[in-house]
Amino acid sequence: MTLPIKDRVAIAGLGSTPFSRDAGRAAGAMVLDACVGAVRDAGLTASDIDGLCGSNVVPARYVQGALGIPECTWHANLTIPFQHQIIESMNAIHAGMCSTVLAYHGVYRASGTSRAASADPFRARYGAGPNVLFQTPDTFEGAVGHSPWARRYLDKYGVGREVFGKVAINNRSNAVLNERAAMRQPLTMEDYLSARLVREPLTLYDMDLPVDGADAFIITSAERARDLPHRPVLIHAAALGQNDRPFSAQMLDVDCTGQQIAIRQLWRHSDVRLGDVDVFFPYDGFSIITVRWFETAGYCDDGEANAFFDAHWETSTDRILIDGRVAVNTHGGSMSEGATQGSGHFREAAAQLRGEAGVRQVPNAKHALVTPGGFFFNAGAVMLRTE
Amino acid sequence: MNGITDAAVFESFPGVAIDHDNIEHYRGILQRRLLVNRCADCGTWHEPARSRCPACWSTRVEPTKISGRGVIALFTVLHHGPPATGIDYQEGHPVAAVELAEQPGLRFTATIVDCKRETLRIGLPVELTWIERVGVPVPAFRPAEPRNA
Numbered sequence: 001m002t003l004p005i006k007d008r009v010a011i012a013g014l015g016s017t018p019f020s021r022d023a024g025r026a027a028g029a030m031v032l033d034a035c036v037g038a039v040r041d042a043g044l045t046a047s048d049i050d051g052l053c054g055s056n057v058v059p060a061r062y063v064q065g066a067l068g069i070p071e072c073t074w075h076a077n078l079t080i081p082f083q084h085q086i087i088e089s090m091n092a093i094h095a096g097m098c099s100t101v102l103a104y105h106g107v108y109r110a111s112g113t114s115r116a117a118s119a120d121p122f123r124a125r126y127g128a129g130p131n132v133l134f135q136t137p138d139t140f141e142g143a144v145g146h147s148p149w150a151r152r153y154l155d156k157y158g159v160g161r162e163v164f165g166k167v168a169i170n171n172r173s174n175a176v177l178n179e180r181a182a183m184r185q186p187l188t189m190e191d192y193l194s195a196r197l198v199r200e201p202l203t204l205y206d207m208d209l210p211v212d213g214a215d216a217f218i219i220t221s222a223e224r225a226r227d228l229p230h231r232p233v234l235i236h237a238a239a240l241g242q243n244d245r246p247f248s249a250q251m252l253d254v255d256c257t258g259q260q261i262a263i264r265q266l267w268r269h270s271d272v273r274l275g276d277v278d279v280f281f282p283y284d285g286f287s288i289i290t291v292r293w294f295e296t297a298g299y300c301d302d303g304e305a306n307a308f309f310d311a312h313w314e315t316s317t318d319r320i321l322i323d324g325r326v327a328v329n330t331h332g333g334s335m336s337e338g339a340t341q342g343s344g345h346f347r348e349a350a351a352q353l354r355g356e357a358g359v360r361q362v363p364n365a366k367h368a369l370v371t372p373g374g375f376f377f378n379a380g381a382v383m384l385r386t387e
Numbered sequence: 001m002n003g004i005t006d007a008a009v010f011e012s013f014p015g016v017a018i019d020h021d022n023i024e025h026y027r028g029i030l031q032r033r034l035l036v037n038r039c040a041d042c043g044t045w046h047e048p049a050r051s052r053c054p055a056c057w058s059t060r061v062e063p064t065k066i067s068g069r070g071v072i073a074l075f076t077v078l079h080h081g082p083p084a085t086g087i088d089y090q091e092g093h094p095v096a097a098v099e100l101a102e103q104p105g106l107r108f109t110a111t112i113v114d115c116k117r118e119t120l121r122i123g124l125p126v127e128l129t130w131i132e133r134v135g136v137p138v139p140a141f142r143p144a145e146p147r148n149a
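Here the protein sequences come in this chain order: L and A. Following my numbering, the numbering of the first sequence begins with 1 at its first residue and continues without gaps. Following my numbering, the numbering of the second sequence begins with 1 at its first residue and continues without gaps.
It should be emphasised that the hints constitute simulated quantities derived from the structure, not laboratory data. Backbone N, C-alpha and C fix where the C-beta goes; we use that ideal spot for every residue, glycine too.
FRET-style restraints, in silico, Cβ to Cβ:
# : chain 1 : residue 1 : chain 2 : residue 2 : range
1 : L       : R184      : A       : A40       : 58 to 64 Å
2 : L       : N56       : A       : R52       : 27 to 33 Å
3 : L       : G24       : A       : S67       : 54 to 60 Å
Please model the entire structure based on the sequences and the hints provided.
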């Protein structure tokens, strides 16, 4: 079924900071850098922006005031991952609420993420942040949530932890080529398997990396984007997914997640099929999420990701290269570039489709599949394309 | 209600998001009674506690004592988490979602005690027991089989 919104809204500008464990800067300053970069990249000025879309980390009114954007007719501070900002900006533009949205995401290593972070007086004053540990040690809510499902996946399909290690190694091998990335030392399977278990069966290498930095995007009508300097990146189809058991402990099984719902809806609305995809951006907040996105998107059957990775591994670059051509999380993902809750995945996807990914460029990339979010309540799927 | 005031419940569980919909669950814990919400109209159990039955939308949900029998559906062993008395994260703190005998898919999350690491597995039959942390009862599960079987 073709939706009227298909290919009607585009990403027309990109801006980002580098990502690091300690940028020594405020979250707001990094967001402003990314926003200024995106507006200039699109060849626009402050008065061209009439929509703002961020999150409560750095709310829209902060950005509007700080950049002197005279008038907005639509703004929203949304939850993460970043498909929400992309999709709601698309909807607002198509509905006529506004014409050009500056959508952005800032990340800041809050004091709740680690003892080291809490020792920094700036971070301490900033607050604990959303990653603060739940007060009870006996819960699957919060950051624990995907670990028991990783255990269940290994048991259910009879595979070893190497399946998760391959996700971490793929991302790290790509990050080595990304000068924005926070982690650029190569990672071996030996490193992975000998790492300390944090939440069994997962290690530090199975988790995204808290960092400082920001991404920003100009989103506007495809018609308008065609008059701007860069090749428009069209939002071809988009979907979200959630079911009636949106809690880690209550979810029925690994194949009863929001991922299935999002991807089914995407394939209903997308004319671009899986075989047309040139570059794939599965979410990697936890390695088990990435493994299941491969299986859920349809690259292989449930429980077959480990064998699939082996069959599609490019030894010379030590990474996944599906059918010898489709690279995966070319920026290094949230594990190795840094945890941007999906904004990094969208920014790199857009850069690939513009042909501006430099040494990481997938030749002639025209279609990118971005699948942000995990199992319980935040899965999404977006197909981007160029003309 | 039941002789334990709301103030005492809040005081016993600092940092826990207690509200009008789940306070009876926590009051029950202080009496070593594990209560899970059950619909008085259609009999469906649900967890976590909410104001309506998700199956029939009845508001007649009643915190109801469970049998305490179940099977481990999911588990992890934590080596990192909020500091708590009696928990050694270096050794590992096991947490499981126990599928309760009352209803398929109805799970309660708790720690596992009296269980060797090599015994801990998905599918292990377990039963409710009680431990204490700083004088407050904590529901836990232990293997239902003889310990070294």
